[in-house]
Amino acid sequence: MLTVEGLVKRFGGFTAVNNVSFRVEQGEILGLIGPNGSGKSTIFNMLSGTLTPTAGSILFDGAEIAGKAPHRIINSGIGRTFQIPRPFHRLTIFENVALAGYYGQGRHSRSKADEAAERALRMVGLPTDRHASVDGLGAAGLKKLELAKALATGPKLLLADESLGGLDEHEMDQAADMLRKIRDELGITIIWVEHIMGVLMRVVDRVMVLDHGEKISEGLPSVVASDPRVIEVYLGTDADSSQAAAAEARRRAGV
Amino acid sequence: MNFRHAAWGIGLAALIALPFVYRDPYHLHILVLILIWSFAYTAWSIMGRFGLVSLGHGGFMGVGAYVTALLWNHLDVSPWIGIPVSMVAAGILALVVAYPCFRFRITGHYFVLVTLALSGIVLQVITATRDYTGGSLGYTPNRARSGSGLMALQFDDKTTWYLIALAVWVLGLLMWRWVDRSMSRYAMEAISEDEDAAAAAGVNVTAEKLKITLISALMTALAGALYCQYQMFISPDTVSGIAVSLQMVFAAIVGGLYVSLGPTVGAIITILLAEVLRIGFGTKAVGWDNLVYGLLLVIFIIFLPKGILGSVLDRLKTQPKPSGTK
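Protein chains in written order, with the working numbering: chain A, 1 to 255; chain B, 1 to 326.
A hint or two may mislead.
Every beta carbon over 10 Å from chain B, so not counted as near; a handful from chain A, in silico [to be verified]:
id : residue
1  : L91
2  : K181
3  : D184
Derived coverage of chain A by chain B (criterion: at least 3 residues anywhere in the stretch with Cβ under 8 Å from a Cβ of chain B; other residues may be distant) [as the list claims (entries may be wrong)]:
id : segment
4  : 61–71
5  : 105–113
Everything labelled a hint here was simulated from the structure, so no lab data went into it.
Every residue, glycine too, gets a C-beta built ideally from N, C-alpha and C.
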């Protein structure tokens, strides 16, 4: 459903993303991992229209979307979350999600937007109470809200920029299960960005590893987790800790 | 809720009945001014409440007043046509200035500066074309030949003007309420906090901002045209320029930006203040009102950012009441 060819993004002389190509098939969860600064978020920002690619093409359902305005891309069926939750504090929780339900689905009607908001809030497990304030939410709640906003836009493809840092292990597992549930119950295809490898490996169907803006590995989680290049660049060259981390990643991936 | 509707109904009925039982021309004159300026301030606050602080509204008001008057004097175009034309002119001006700002993300202080320039430019154009506009000496629409007062939208009767101003003021409040209850308010609140996140929710940020700016500019031009028709004299100082723009900002903030009647409270304060200074000190106090505005503006932004009415209403809410009433 998504075909990315030769995607490049340069900021001045710095190449953030260098010639990356990949495909995402209908109904799968693709994990996108890599150390900080490896170009994951830049790719997301190009897919969602926040950044215009320097070169390359992005075909979504057969239509070129590279360089289109963000609201057009959202309306064509791509939803996104931000790494750091960006709620609107002047709106209630419900209004935050209803806004996405209204503008993200071609501004049909208010009642449809409200329905979409209720469904999305129930899906992520937030109260559908109309008057609850955003300021009452903790880190995990804000992540749920971020997800509910993206779901309310009615996406076929969800770009989940989930930095699970800041959550405890239990909350991380919950968040991972949530993404799987969204795929299973709503049939939404997902690209999941994360830099904590373990929890991601457990849920994704396929994983793609970036380093310094280039794709260095792609495949099944079990294969990628034991790819020496991945272990080297992603987990560092410090032998002991990287071995331990790789073992942990394999364990969580169920290998 | 019913109590609220009843209060509005009774208040409005009282305001309509007022000129038929109380006919003091000076007081009616002050009321007409308050109503017209309230409408202008409401127009400003429709976009100002979302952080789109414009110092260019003096420009829109000037276009509304001068285009209407020039069309009447030079081309014999009735204000009934001239006012819509002047509103369209102000709307085009607003789009020409605002589109590049919004497209290239000129926000915050930079947006204020661009709109400030707009006020200055309109003022300069009026002064520079003094052969047509009378320049800084001001301009007077020609008196209608007898019997054609309605066509010329010129009335000597204060009561008529009071009712016109009242109708327009109510229209302003209805516009405010319409925006307040529409999805556009959600979108604009979101945009004022975080444009990227708003776009990620599917909002066409540029289009939403243009829409609200256009509504605000059209209303402001209407206020300018009405002021011209009522006063039968306009000058760059009274309907255009930076001083008028600043006065709008001041009144809206002092009265309360986030409540529908806030700008009206602001208008009552600014106009009474100007009148007190004028009567009390005469020509010695020319410009004093601006000094007081400036001082009060600073004090309000620091201590009462919600304005007088906004703060009072906050106090009155003894129990936390949900904001989005349905």
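Hint by hint, here is what the structure shows:
| no. | hint | result |
| --- | --- | --- |
| 1 | L91 | violated, 6 Å |
| 2 | K181 | holds, 22 Å |
| 3 | D184 | holds, 24 Å |
| 4 | 61–71 | holds (count 3) |
| 5 | 105–113 | holds (count 4) |
In summary, the one numbered hint that this structure violates is 1.
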